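Residue numbers (the numbering used here), protein chains in the order written: chain Y, 693 to 1030; chain B, 643 to 935; chain H, 105 to 637.
FYI, nobody ran anything at the bench for these hints, they're computed from the structure.
Possibly wrong hints are sitting among the right ones.
Stated by the list, open to error - Derived lysine to aspartate or glutamate pairs resembling EDC-like cross-links, with alpha carbons at most 16 Å apart:
{"#": "1", "chain 1": "H", "residue 1": "240", "chain 2": "H", "residue 2": "226"}
{"#": "2", "chain 1": "H", "residue 1": "433", "chain 2": "B", "residue 2": "704"}
{"#": "3", "chain 1": "H", "residue 1": "309", "chain 2": "Y", "residue 2": "765"}
{"#": "4", "chain 1": "H", "residue 1": "345", "chain 2": "H", "residue 2": "326"}
These figures come from a predicted structure and were not determined experimentally.
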Amino acid sequence: MSDVATTSPAPRVFSAVLGSPALRLIVKRLLTAIPILLGVSILMFVLLNLIPGSAALQLLGPEATPEQIARLEHDMGLDRPPVERYLEWLWNALQGDLGRSLVSRQPVTDVLPTRLAVTGELVALAFLISLTVAIPLALLAARRPNRFLDRVSMVVSTAGLSVANYVLALLLVLLFAVKLGWFPAIGYTPVSKGLGDNLYSLALPAFAMAFPLLCFYTRFLRGDLVDQMQGEDYVMTARAKGLGPWQVLLRHAFRNSSFGLITIVGLNISGLIGATVIIESIFSLPGIGQYLLQGILTRDYIVVQAIVIIFAIITVLANLMADVLYAVLDPRIRYGTN
Amino acid sequence: MALTEVQVSSSAVVADETAPTRTRAWLRKLHIGVPAGLLLLIFFACFVLPLVAPIPKPTGGDILNSLQPAFTPGHILGTDDNGNDILARILVGGRTSLFVALTVNLLGLVIGGGLGALAAQAGGIVDSIIMRLFDVLIAIPSLALIVAVSLSLGPGVRNTILTLSFFSVPAFARISRAETLRLREQPFMVAARLSGTSTWRIVVRHLAPNIGPQLMTFAMLGLGIVMVIEGALSFLGLGIRPPAPSWGNMIFQGQLSLSGTPMLVVWPSIALFLTVVGFNQLGEAVRLRWSGR
Amino acid sequence: MRIRAKACLLLAGALVVAGCTKPDETGDNNQAAVPQRGGELTVLLDSAFSGSWPSGLDPATNTTGGGNLTQMSSIYGGLFRLVADDDGKNAKVIPHQAAGYEFTDSGKTVKIKIKPGIKFTDGTALDAAAVVFNIKRDMEATCTCKPTWQLADQDPITAEGTDTVVLKFKQPNAAVINSFVVANVNWVVSPTALQSMGPDAFRIKPVGAGPFKVVSNALSSELVLERNPDYFVKDRPYLDKLTIRSIGGDQPAYQALQAGQGQVYEGMTTIPLLEQAKKNSQLVVTQQPATSPYVIQLNTKIPPFNDKRAREAIYYATNGEAIRQGLFKGAYPLSQSFTADGGLFHHPTVPGYRTYDLEKAKALVQQLGGLTVDLGTLKAYVADQVNTALQTQWEAAGIKTTIHSEQLNGLIQNFIGGKWQAMLQTAGAWDPAVGVGVGFRFSSGVPFSGVSDPTIDSLLQQAGQSTDPAQRDALYMQVGQRISDEAYAPFILAFAPASVVTKNVHGPGLTTLIPPVVVNTAILWDEVWMSQA
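Make the full structure from the sequences, and use the hints.
Now the structure itself:
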């Protein structure tokens, strides 16, 4: 990605006007996002078409005969070539029309916002909880490596990683909902009915999702921090200058370690939707994970494409932020400004 | 290299100053020895023991024997709901789980790690193309990718490895690239580039030893995660198809009736836990050794 | 002083009363108790089956309508319903929104009278015209949830006056009334509401004349219903609010019931959890009667099962009794035909049925030079376990078996592809002529059937047309005999799911038995009540 500053007038004006290289970076990345999003939608469409079956089967029910299926597929336009169906979808999508579900006939844009809000809040809470606990924990552990806190947190986080999140969810429900009755076992209360109730209903699911993340981040960050503290020559320099260990840890080691952490968090965002399916099903949350899964199982490609493209946009934006953060955190890495 | 030697001696000054050197050396041996021993035991139990010892078959159990408790004669850990011996299923299932997890992470480490480092080092159009391709894969929600790929390919060990590699490879690539970018501007890296060392040689001789530890940590963490995710695939009817056991699908089948059959979840979870702990501790210890500290 | 003494007496009295009440009351021995008005009840449904309604709740298009009985009957009530004595015996289909019916023209015409004065929740009348509109619409819809009626060519569905609906068939259709309760024609929508909302919006917020009306509907997630104050049955429903939620399976549902976030879970099948629930004093488990036995369909159109010896080998290699003991703890009797003791025309044995005999199975396999089978099923907890047990049993006879389970879409694909060899399914229904009954699994020319036998076709047709129960009984016995003689498909046992409710809930189909017409028991929601204590 090394850009050499050009000499023709227009780009110079351009760069002068825009100023900060971070802004240039954002623009450039947004431009590259377009082929990525196209690639995502094409890949998903291809994958869906490779799976045998169609929405017509779902609509007809278990007693459908091949003739009935063929007729309905024709009526719904499902027997047209995939390229044609894809281009039609793309054309509509670019105009903001994500289509109507093949199975329920509901406009996708009617259903998505509420479901996204549920899953979005769940994921946001999970990240919040996990990072809020993981970062201080990792810092404390790395401050005194191989001492008690470090050992204990490492063992606990390793244990946490070997527990499946659905088992954890069930155990949490068993303890906190069934035995203690402190939290509800299922259900979702929207924010409109009160923020307190809303958070209360998401407490257990958010924690079930956060715990594995927490363990992962703690281990990863701690490992990276310890590496930094014991290895890099700038650490030696800093200590020689008289900086205390906490200052070194926070200002330098953590700053560098956050590269890895940011990368992982960015990777997790689209990965988490897989985890949310199971959590949503156990806690009966009306989220997007279930909607996506149902869409795939009923071969409702309109719904699936819509969800996938929205998530792709979110992921691209998240990774873009990650890249910007890299550039901000480390002045040595400013693409094209050597 | 001179630089790393300086680092070693300085780390001796900066590092923790507690126990005398001889005990530290002993502890270091233990750090590697204990997890290594545990893992060897697990590997032996899973790969060798079923071949030599008279362990019952993991499938094909008598339905009349279903859900026997632990310490029933002939079934030291009891039986599952189809009458299969749980210990046998854990051993044979371990084989599958370990194989899948190791392969997926190995593929990720080598292909993903390699491509990521290459992309970062080469820069320019190579970087763009490689990373954009991975970005496409990363941008698709994992659920959609897993279900779609698995529904077309079907369940089974090979397809599970393939499906999960769709995630491990881009993930490793991104980590590796981020780490490489960080290191790229280090003096020794700049020096290597300026002195005309080929990209490939830079990656192998200079990058790998330095980003290796980070990737190893990631890989060790990834092992446990893959074993658990593989079980979650059962939720969608994919992954390793029962009655063939794997720790993941045993845990998944067990939790369907958790309140009634908790031990079906506990036993494979213990096996999974010990293995994950072993790998992580070993990884830590080896990493410390490798980076010379 | 006096006040304190009084208080002490009261306290003592209360303690005496409390002491007299038995602490561990299970079962519905509160039947003598008077139903109470009021209460808000949450029903949990398994998202893999009844908790899934992706196509909306319009009977003309709800393909999962057969599994969504709770949703449909709460909103629409139903022209007919299945009722039974508390112990599940003497089950019969009675008119509900219908007033009565009579057959004329030797059974080819049926006249259904509609009760007067029933109104939809939008105020319009549920009369013969509305019913005719509905039945016409349902029969023309693409959904396979409509009944398999052979309607006459000329004016098959007409109204006579404002209160009588006339249906004309090509042949006598004795089972027509029974077929209502599992078909979409049972649910009458308000034509006015349908026309003003349009079908797309209607399926999300339907308007019917049932005990409850729709407040909100998040498909396959949550349906919120409130009491219909103008319900045509006086002082019903008892409940004020009914919330239907989808949940991911028996285990989370069980925990939700324990934690108090749900009061009813329909259709629990996980046996270890049922054992736990039975021991739980806060819950009441009611095992409904069984009406559809498990059957191993064998595809007789292609190898290996076009060879009768291969089919016989399967019969001899299948140990139903072991499955019954090992999996179900002896709870259900074995079936040798497509009927079970909760349904009509049941006979426990078929003369000459090939029961478990491992030696004969091995001998046949040897004669065949080996046998390899692919055995599939619809993904479900019990079905997977039965398949696994069958695999083990068949391997003992030398039959190499691979098993797999599919989601619905995949299963249909398997059947239609025609390459399937063996499928574990359920066959039969409360009335063998209705729903996913016998015809579906054993008629010729249907992709879901492994059998192509004109004798069976004609017997089934006659049985569907005959109005004489004794004759139908004899005909179904003959069908069972033929299936057994030709070794078309071995049967195992009929397993019925259980309803699990918190102990303050009572109702027909929940705490009393009603045979499921097809899979799930149709709960009479307008009669369900909660003790307020």
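The hints, checked one at a time:
no. : hint          : verdict
1   : H/240 / H/226 : violated, 21 Å
2   : H/433 / B/704 : holds, 14 Å
3   : H/309 / Y/765 : violated, 26 Å
4   : H/345 / H/326 : holds, 13 Å
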